[in-house]
Every structure is written in C-alpha cells, then in structure tokens.
Amino acid sequence: MKTIVSLLGLISTLMITNAPAWDRVLLDTYTAPQSWEISSQDLGLKPAKPFSVRMRTLHGGRQEGVCIVDIDTGAMKISVVPTRGMNVLEAVAGNVRIGWKSPVSEVVNPAFIELNGRGGLGWLEGFNEMVVRCGYEWVGHPGMDKGVLLPLHGLAANIPASKVVLSIDEDPPYTIRLKGELKEQAFKLVNFVIATELSTEPGAIHFSIHDTLNNEGDYPKEYEALYHSNFGPPLLDPGAGFSAPVQQVSPFNERAVGEVADWQKYREPTRDYDETVFNVVPYGDENGETLAVLHNATGDLGVSLGFNIQQLPVFSLWKNTDTLGQGYVTGLEPGTSWAYNRSYQRALNRVPTIGPKEQRHFDITYTFLADRSAVDSALQQVKKIQHDRPTEVRNTPLVELPKD
Amino acid sequence: MKTIVSLLGLISTLMITNAPAWDRVLLDTYTAPQSWEISSQDLGLKPAKPFSVRMRTLHGGRQEGVCIVDIDTGAMKISVVPTRGMNVLEAVAGNVRIGWKSPVSEVVNPAFIELNGRGGLGWLEGFNEMVVRCGYEWVGHPGMDKGVLLPLHGLAANIPASKVVLSIDEDPPYTIRLKGELKEQAFKLVNFVIATELSTEPGAIHFSIHDTLNNEGDYPKEYEALYHSNFGPPLLDPGAGFSAPVQQVSPFNERAVGEVADWQKYREPTRDYDETVFNVVPYGDENGETLAVLHNATGDLGVSLGFNIQQLPVFSLWKNTDTLGQGYVTGLEPGTSWAYNRSYQRALNRVPTIGPKEQRHFDITYTFLADRSAVDSALQQVKKIQHDRPTEVRNTPLVELPKD
Amino acid sequence: MKTIVSLLGLISTLMITNAPAWDRVLLDTYTAPQSWEISSQDLGLKPAKPFSVRMRTLHGGRQEGVCIVDIDTGAMKISVVPTRGMNVLEAVAGNVRIGWKSPVSEVVNPAFIELNGRGGLGWLEGFNEMVVRCGYEWVGHPGMDKGVLLPLHGLAANIPASKVVLSIDEDPPYTIRLKGELKEQAFKLVNFVIATELSTEPGAIHFSIHDTLNNEGDYPKEYEALYHSNFGPPLLDPGAGFSAPVQQVSPFNERAVGEVADWQKYREPTRDYDETVFNVVPYGDENGETLAVLHNATGDLGVSLGFNIQQLPVFSLWKNTDTLGQGYVTGLEPGTSWAYNRSYQRALNRVPTIGPKEQRHFDITYTFLADRSAVDSALQQVKKIQHDRPTEVRNTPLVELPKD
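Chains as they are written, first to last, in the working numbering: chain B, 1 to 404; chain D, 1 to 404; chain Y, 1 to 404.
Hints are not guaranteed to be accurate.
Since the list gives no way to pick out one identical chain from another, each pair is judged satisfied if it fits inside one copy or across any two copies.
[What the hints assert, rightly or not] Subject to a maximum C-alpha distance of 27 Å in a straight line, what follows is the list of computed DSSO-like cross-link-like pairs (lysine-lysine):
hint : residue 1 : residue 2
1    : LYS265    : LYS188
2    : LYS357    : LYS101
3    : LYS77     : LYS163
4    : LYS403    : LYS188
5    : LYS49     : LYS357
6    : LYS384    : LYS265
7    : LYS101    : LYS221
8    : LYS146    : LYS403
9    : LYS383    : LYS46
Hints listed in this document are in silico derivations from the structure and should not be mistaken for laboratory results.
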C-alpha cells in the first residue's frame, strides 16, 4: 500500500529538529521495507525543479522482496537497489537511459543466487546494474586464492543494505542523500562495514557516490574495491570513444593484445566479439582528481566519472561490444585493483591493506553529458589533466594468465 | 487473509474485455502473492462440474514464503508451485493422490537450498513433487562438464516463476490455464525464458503441460529438458507395470544390467534396493505421438503420459522401489536427454542446440486412469502405437560410467 | 503491528481445554510470523515474578525476515531465533549479558548464507549466538568426507524452524516451554526431524534445552551433535576458569599442545592468540549427570551447563581469547563428537549411528551463576562428581591433522 507521509507527521519532524536536514529511516531492524513516497511539495520545499523520492518492492521470480528507491531530481531519475548492495540500477534523464540492457531482466534478490555456483560465476545471474560495487575483500575473476575459491567480483553487490536513510537538506541546494550500510562480516575472517551514500540535487543530471570502508576488526586486512560502472546505448554506439588522462595502458590478457591500437574506440555490436579489457593507470591533477569520459560517435551524448587517484589509483576499461542481445556494454571501472583474481594482484602491489578501525573513502561523481558542449567540456578537462604528460602503451599484459 | 473477488470487480473485468477468456494476474513485478480464490460460481459460469482456483502461501521452516496454486476441477485438485518452477506438487482425484511421498516433507523455498551443496546433490533437499522440471541448460547427474560442476537436474525446479496468470475460457469447455514464466538467465552464459502453461477443464481428471523454451539470447545454446514425473502408491504397488511403445531399452548403468529382464515390472518396497534406471527410446505413431503408462498390479488404477517424440525423443524410467519411508516411487521421464551428466550426453547426440530467438515446445498430457477400462484402453493405445514393431533390448549401458 | 491477544480469545482458549497448559502456535504452515506478545497478566496467572513472551521480526540487511522470540522470566530475558535452528541468541539477567559479542552484528537469515562458500566456512557469516546447534549429520571442521565437502558445523543452525509452539503451564511453577521443529531432510540422504524445546520458569535465571533427534528414515544413519555454547565478558575475563569432572583431556591440535598446562585458565584478550581447543572426556555421577562451569576471575559470576554423559559423552573446550573486537569468547561444547571433520572421527568411535525410527535425546541446563555462593556451589558439585577419580592429561592430539 502506498503511504503518503501526512503533513502532520512532517510538521512534527520539522519541529523536533533544528538541524538543516530532514531525515527518514526507510529501512532498518525495526522498519520493514514498504511502498512510500515523498515530494519536495510534501516537504514544503520550493526548489527550482520539484523532486520526489519513492520506495517500492518488486515481486515474482528471483526479484521477490527486492526493494528499490527512486530519486527523481526533476531532471534525472536515479534508481538504487538497497537489496543489492545499494547498487545503482539506472539513471534516466529525459528519454536517455544511462545504464545498459543485460540479458538478466530481473533485479535479483541475493537469496536466490549461489555466488559459488557456475564455477564461481554465480554473480552473473544478477548482473544488470549501472553501478555495481565490487569488493571489499576481493574484486576480481573467480579462482583459488590461498586454497579458497573467490567467486567473481566479491560479495558487496549481493549484500542487502542493513540501514537505509533518506536525508534532504532544508536549505538550498536541497541536497538529497540516500545512505545505506553494508555489512561484510564473518567471524575470524572479516569485519567490514561500508557506509554508502549517494547524493544529488534537485534539477541535477549528476550524482555522487561517497563510500566509506570501515575495518571494524582488530587486525589489518587486505581489501580491494572496484566500481563496475556500465553503459550501453545510446551513450555507447559504433565509433563511441573513451577518454581519460592516461599514464599507462596495457591489455588485460592475450585476447586484448591485438586491440591495443584501438583501445579507446568502440566497435559496432559485433558477433563473437565477447570482451576486451584494458588496464589503465590514470593521471590526476595536482590534487589527484581525474576524469574518465565515454561519449557517443557524434560526440553529443556521454557520461563522465570524476574520481581521485589517491583513492582509486587504477582503472579497468571493459569493452563488451558483443551483440545487443548478448550485452553491448562498456564498463568504466575505477578501483584500487585490477580485475585479476586476487592471487595475481599481490605481486602487482594492487592488494592494499586497511588497518584496524581505519577508513578508506571512495568518491565518484557520475555526470550525464547531455549535449555536445558538455562532452567537449569534459574532453577538455581530460586534456587539461593529462597536461601533455606521456602515455605508456604496453603491448603485453601485466600478468601471464594460464591458457584456458 | 482470504480475499474473495467482489462481484463488482468481476463484472467490470468481464465488461472491459470482449475476449473469450477471463484473465487474472496472480503474481508479477507489482502484484505480491496473496491468499485468494475464485470459483466458477464467482465467475458466473455454469460448467457441469463447478470448479475453483485458490492461491495460498506457506510459512515456517524452509517453506517460508512458498506460494501454491490449487486448481480444483471438481474431479481433481492439482497443486502447482510457482515458487518452485511451476512444478506440480500433486494431483488428487477422489481419495487417490497422484504423486508420491518423499522424505522431504516441506515445499522448499529455493532461497534455502544450495544446489551446489552436498557435492551437487543439494536439489534432493527439495525433491518431493509429482512433476519436476529438469533443465534447461542441463538435466543430468552432478559432475564436472568443461571445468564447471553441474548440480543435479539443472536449475529450473528452483527458479521462482516471475509472472503467474490464471486464464479461464468463458465458453465451454471453460478451459482453465495457469501460466508462469521462468527466467534462466546469466550474463554471457544463458538467456532462456520458459513460458509454462498447465491446462485442464472443469470435471477433468487430466491436465496438460505446454512449455515453450525461448532462447532469447543471440547465440545458439545447448539445452536439455526432462520432465521428472513421479508416482508412488496407490498407482505404484508390488506387481505394478510400465508400458510404452519401445524401440530400444538399455540399462542406465551396471546396477541396472541385472534387471533388464524385468525392466517393466515393479517390486514391492524393497530394503536396500535403491534405484534402477532404464533408458528408453519410444516409438511414436505417424505423427510422433506416444503414450507411457504406469498401472497398478490389479490393473484398475494408473496414469498415462502422452507426449510427442519429435519434442521429447527419449525417456528415462526411474524405478526407486526402496522402502516406503525411503521413497517408494517411480519416475516416468520424457526428455530430450538421458539422466547422465551432460559431459556424457554429447557423444550420444543427446545435447541438442537451440538457435537464437528459436523456441522449443514440450507438451505432456497427464491422465489419471481411474478404473480398469481406462487402464485397458491406455494399454491398447500403447499396443496400437507399437504396431508390432520390434524392441531392441540392450544388455549394456550406453555409457561406461566410472566406478564409484 | 503489535497484536495483543484479546481477553476473549484467551478465555475461549482456556475454556476449550481442560489440559493444564496453555498453548499457542506462533509459526507453522498456515501461521505467518507476526509481532505478538503475551504476559502472565494477560493469561490471568499470578506467579511470584510476572513474565512475558514476545515475538518480533527483524528487517534490513541479511536479517530481513528473521524471527525472534523473547522469553522474559522476570529475572532473565532469553532470546530464541526460530529462523536459525531455534538457537539461543542471548540471555540477559539484570545487567549481565550471557552470550558474547561477535563481529557478526546481524542475526543472519540462512537465505543469505552459502554454507559451502569460503571453502566451507560460510557458517561463520552468521555465527554470533550463545547456543548454536551443530549437527545433526556432522558437526566438525570443513573438509571432504567420502568425496563430499562437509561445511563447518553442519546444517542445523541454518535450518528455519518449521513449527513453533509456546506452551505455558497453568499451574505452578508455570513452566514456560518454547518448542520448534527442525527438518534436516534430503531425498535418499537424510530424514532427521529434531524436536527442540527450551523450558524455563517465571523468575528463573536458568533454562533447559530438551532436544529429540528423530531418525524418521528407514535406514540407520550416522549422526553427530554438538551444542556450541558461547560466553564472553563479563563471565569470561582474564583469569577466568573452567571446571568440570574430567577423565581425560587432550589438545585438539598442535597449536593446543603448548597450552595443555594451562588448559583450564583463560588469558586476557590477546592479540594473535586465535584459538586453542581441548578435547575433554567428562566424568558423570552414578546417573551420568555432569556439570561444566565457567566462572570469572573473581569467582562471583559464571555459568554452568548440566548434561548427561550418556547423551553427550564428550566435550570440546574452545578458548578463543583473542582481542575483544575479534571475538573474546569461550565455547563450552557438550557433544556426541569432537570438532574434527567427520572423516577423522570414525576411527575415534565418535560417529554414532541412529537406527530407523529411533530417537536420541539431548538435554542441557544452562544456569546463570549470579554470585560467589552460586559459583562456589557449582564448583563443589564438580568436585563431588569427580569424586577423586584421576584425570588423564594427554600431551598429544587424538588425531594427527595435516599441516596447513
């Protein structure tokens, strides 16, 4: 049943607190998920663009019980999946869907996935979101590490958020924040609590992720993080391009070696293409800030990811330009680590450690580039960060993987 | 809470549509499962036998949240489990239960099963239905195939249906249809959507399954299907018999070799019997139609499965005449494939391929044979299809399996 | 929503039955879990200490849908988790929490755990209770046994109870009983039904577990049981002690060999300590009754476990005096078996068999020792049972385990 928050309730909420933000717990131990919505009007706020937030539950199939929060800024509707690691399902601005079309058509409840099934590829049964958290114990391909099978891309995307809070600033620009908490915990093995936050503003066609990895354990622990950010048409099309300030690029594996020359260009949907992956070391500006850009062939649509190389020093470019039905999609993936199994990454110094009670912050801003001017401006920004510094193009992978 | 559809709602439904069928969505993305029922009277229909359909949800144990739809034709109550691949739990006609008694006493929610547990035998923790869909990527015994463990009998039986629709013809014979959709999807690996349908009629003691396997992917894919149809007492009893038009029969493994002579007869509940399996290649009539019959020793109770060998060319006869408590049951299993691990079936040409956007249809009619005349008539039909053609009885298995 | 049972309902319940107990089904096939509570006052009972029982459901994260029953005797609040094998989450008496603080902060719904993940250590993702049932097919460390991976500590703790009944005696001492049923069933493999019962009394600071393992199958089956009973501060502290009448004690593994001399004493929270385990064979009195005691350094707080060595002949003492954050906890674990993988226990004669339709009873009484006098009295009782009989202290493990 749809519950419209009563004006009375709102007034009392606003009266109790003097703080500049309105808060609402959408889900926690004693708050069951329920259909609910609220608008700027309900809140008595008058931004230039009215906004609304809605919570809904899906039913049927493997999506039974999955909870989704839609934040409509007035210019972009961002859908977040608390049941799946606070992943971003998609963002829709006008008639442009930012995200991709996966053969997986349901938003799958983790209860129905065996990550260890399919030889460690069970994760693929739920993969269809725009932003998928990989981590935080490991992020890479399935395989044995120290005698244990690490299934693909870690557990985070299949951990339901344990506390979800919506927070809206009462003063301009009326920032909208959706917070969630992921608990990656196992006695003796790990005690990570990830505080996730997605923020945006009324009228915005951008949003930011602010994640804090907390090692609540008493021991230092290896960790890895990778933000699998996926885009298909119309942002991706034949001749689409990728741009970033690049210090080094290398092919992920033998398959990618043959395409090094064209690593920044995308093909048309290509039968039997499967995927190529490139390992990128980005340059940052004097503060470490960098920008990765995907734009269509015409150059009038795109998306940029702003992040900091002190937080996320490496970047995987996943080019999956197979057929539309198989998944015509590219992944822009800032991370602490590559997509190799963790067993390969230690030698590359790509398995950092987090001390007890320490935190690591991961911030990424996703901006829809809605026209040529926005794309050009983002590409200019990339060029400015590159600042004529050289790019090393390697022709051999960093890791010698076993033949299949 | 039980919801009786209001007459008003029905009238509006009937008025809106001019179509000859009344439809109701019982479960989909925005329709949560709920207790509900409807009768021919509610619908204003006047079949010779009044019928009803009911939806209910189970609680407690591993059956928490499991949804069941009971179709009572007036002569037979058929229970279908949307949460478990639209499997048929049982059909009850008068005081005869068509189905079997498994040690598994709950209708298990797939959320609580690890198919990859127990060395790939996790499926056995939920096995108790009359008709269990096996497939559609593989159907056989657990084992490694191309480096990946395939757990027993495939995923279908543990995929919750994503859309369930009840449809009732408004004209005689007032056919009742229950449709469901199973999504067997994993990025890069498979994109099968199986449209299931179970149909019956008021007053009927039979029902039919009409399944359509859709390869929604862009690539040809191997597939397998097997309909694990299971019957215990009173249809199965000491001296019960199996009959079908048989072109070839062979023992599944060494264990079955010793019983080839008696392959069509059933023992009493037998301690330490475990199971024997026979691989059958049925004959069909000029249109490929064939009939498999199980009948009790007296010959006055039975069940027949009508299917087409162009759709389901092979048949496994599973004789599990162990003790009543262990499971005294036989499986009549029309399929595209045998019950071997997929790795063995390719050499036998029993792993077909389905092209992109292609469909495969699987239709089976289950008929309760309620008296001697019905049994005799079915056995006559088998004889007619056999049409004096020879039966090859092999004494060696088609596959040389490794010793345990 | 909180449902207060109406007086009317109570009166009718009481009138219908002449039996001396008031019963209420809290959960079964057609009774969904719901928020509910009842008090001695509601029942018209007048014990010296008023008591109450409450049922609640948790939400968010991996605890979505987990059901908890709190029994407040007036002197101790005992929390039981039907969704997790009727485990006892904790017991709180005054300001003393009997239980422990695990890094796992949620009460995890088994739907979200892959026991076979993490190399068979998936169980650790849900481990935080005071009393955890291990069994009943196996109880030990993960590893291969007869070609199948047995994940840690068996399935029981992750089986949701299929029927939960609250029963309250209407006559003094108004015994409160909470019964649950666990079904550990897999076709061909196992058919165990465990009837669990927890009983206590108004005003009590003790409770008892009465479990009955039923082999409902037709064949004898191996089984194992172990009650993982876990305590942290304030019962456990530096200098805390363990006491029991001991016939034999031996180190579980090489790690424990070095600490045999101090096996009954506990350290302060110790970095990098991890754990040591000792295998104990307790003495019983002439009826087999025995007592295991944990007490703090001062000797004015403790807990005792009373059990019978005819039911539970061996005992594992798990000393996990690592840091507070890692889990400063000790396990007092009466069992049929040690904590070794089942493959090692057969040679030690620690894998008993249960015949078809046979039962095994496991009874343990947990008593909070609230002051010095209670601790002293328990230690006296231990001494009395020991009755000056000798203790064999072995310096080598019973099993030679492979090096890591």
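Hints, verified against the model:
no.: 1; hint: LYS265 - LYS188; verdict: between (46 Å within a copy, 22 Å between copies)
no.: 2; hint: LYS357 - LYS101; verdict: between (39 Å within a copy, 17 Å between copies)
no.: 3; hint: LYS77 - LYS163; verdict: both (22 Å within a copy, 26 Å between copies)
no.: 4; hint: LYS403 - LYS188; verdict: between (35 Å within a copy, 20 Å between copies)
no.: 5; hint: LYS49 - LYS357; verdict: neither (41 Å within a copy, 44 Å between copies)
no.: 6; hint: LYS384 - LYS265; verdict: within (21 Å within a copy, 66 Å between copies)
no.: 7; hint: LYS101 - LYS221; verdict: between (36 Å within a copy, 20 Å between copies)
no.: 8; hint: LYS146 - LYS403; verdict: both (21 Å within a copy, 14 Å between copies)
no.: 9; hint: LYS383 - LYS46; verdict: neither (38 Å within a copy, 77 Å between copies)
The earlier numbered hints that this structure contradicts are 5 and 9.
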